[in-house]
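Engineer: Knowing the structure of chain A, use the given hints to seat chain B on it.
Same order as they appear, the protein sequences are chains A and B. Just so we're aligned: the first sequence equals residues 60 to 382 in the numbering used here. Just so we're aligned: the second sequence equals residues 60 to 382 in the numbering used here.
All clues given are correct.
If chains are identical, the list can't say which one is meant, so a pair holds when it fits in one copy or spans any two.
Result set (BS3-like, lysine-lysine): computed pairs, CA atoms no more than 27 Å apart in a straight line: (1) Lys-379 / Lys-244; (2) Lys-330 / Lys-128; (3) Lys-107 / Lys-128; (4) Lys-183 / Lys-210.
No wet-lab data here; the hints were simulated from the structure. This one's a predicted model, so the numbers in the text were calculated from it and none came from an experiment.
Below are the chains, spelled out letter by letter.
There are 2 protein chains.
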Amino acid sequence: MRRKLLGVTVTLLLFASSAAALHRKDRSPSQTSTRTLVERLGYPRDAKLLIVHADDLGVAHSVNSAAIKALETGLVTSGSIMVPCPWLPEIAAYARSHPEADLGLHLTLTSEWSTYRWGPVLSKDRAPSLLDSSGYLYSSENEAAAHMDLKEVEAEIRAQIARARALGIQPTHLDSHMGTLYQSKALFEILVRVARENKLPFRISQDWFSRAQFMPAVLGPDEVVLDRTISIEPNVAPEDWSKFYTDEIKSLQPGVTDMIVHLAFADEETKGITFGHPEWGAEWRQRDFNFVTSDAFRKLLKENNVKLITWREIGKLIGKTSH
Amino acid sequence: MRRKLLGVTVTLLLFASSAAALHRKDRSPSQTSTRTLVERLGYPRDAKLLIVHADDLGVAHSVNSAAIKALETGLVTSGSIMVPCPWLPEIAAYARSHPEADLGLHLTLTSEWSTYRWGPVLSKDRAPSLLDSSGYLYSSENEAAAHMDLKEVEAEIRAQIARARALGIQPTHLDSHMGTLYQSKALFEILVRVARENKLPFRISQDWFSRAQFMPAVLGPDEVVLDRTISIEPNVAPEDWSKFYTDEIKSLQPGVTDMIVHLAFADEETKGITFGHPEWGAEWRQRDFNFVTSDAFRKLLKENNVKLITWREIGKLIGKTSH
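Looking at chain A on its own, in the form it has when it is part of the complex (with noise of 0.2 Å):
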């Protein structure tokens, strides 16, 4: 996931406290119910849970190389995967050979850099309505919201389902990149659909529901709604990078928090995929990198009584209404 609903994101931490009162009066009916997901989850209730989850796996081999290395120091819990992408075929096996791996699908319906692009994985012909002009995915999830015809969407993405499992990828969780499937409530039913059907959970917080209040309406008894977000945005620089990680820790509230970050070694390969383009940038993912994989967050994690979770956790109480 990436820019405009990490835009939504922020500024809604900005509010986090303040806004929280008011998220638990707009919950949906299932989520009324006085067990917080952490007691679901069998923790106490002032439990400070957290998934550490890296976006973006498949989209390059840096990214992937990156990833792999993160996950395998358990600072790192979780990461999706982008289909379409042409690195899809390294991930998939690193997938096969380590099935622990809390692994999901970053559903993808955007191509957003400028010298390296990709198509959906449907035929063509079957998804005209997501190509752009130049017969890629659309560069942003504004354009791809405005044009994409919605039934080719929901047959794309579980075109993208379908594919990761002929590989042998076993998803655990459901995104969306850029947010794309976030961007209308009949995008966001869509997701929703596809995760029931599939039995997965999917990445949405109680947090985003004051910017996007389409969202509570369509939830049903059995989705399961993470407490809050935490990601880096743009307007933090690149000295203070491991000060706002440091921080969120210091001051994370009981309940489960998606910290998403965006791994990749500032190499050759990162810089000509995001030429131009310092925000989610090469060096951005190498501080990324960085930070997750530092003694010093290990340390802030136990000193501040946080407890990593995966996905994994959260997709078993699917199909159980928590009531």
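Structural biologist: Quick look at chain B alone, frame taken from chain A:
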């Protein structure tokens, strides 16, 4: 181009001197003119003309970077682009900003690596026979040649040319990745037909005819046939790389020779793509880059009176019969 055809080529090269006379007899009627190709290009009959050609542009950022750097030394004169590959937009941008660059299309019907793969330009529904069971192009030229429907092949290579033109590439020539379009008479006829219609020269060399005897009959009076090909092969030890090319240049005969090289840096991206495959792998491509951009190569060309030319010059002969 890689592998099989080059296997043919090097075998031919071993017999190049004895084969030269034979090939002259084998030439198609159009090639029986007393004017040699060198003379038709406006050079004295004893001129030694060399195209130094980088294959596989568009496949990777490292390949694009190395090829662009090598083209800008002037020692590599030409290159060809793989249209279905994800780094096409990067090399297309270079082509648009360098309209003088001698860039052709490396028509691509295979996707040969294991970690990193691509599909066709055509909608998959229109070219199902081009895809293997995982939905990408076949891994080898043999599998591709055995399974591809000829109409779908022709439609796909037309689509590759159309996409290249849509992105502002004005190709100067055509050739075939891994030699797939040279694997049978029927495939070769498609290459020749499409090249003719586009008024483009294509890679074809007299020294291939003894191993691909169907070729001369397919050629018409307007086709331009180069005299020979140089392409290094796996039987050359890494420490003998310079010696191989040096010996080839020192013994170069009059005529037009196409020296095919595979350029990239031996960086993480190239190592990731060519993982487990030292042949045409990262170190191979770095060695090719090192040699063709070296002062030693420049000096060697000068000392041996080798004149570098491009496919653009060859293309000017198209439409003019050889008589």
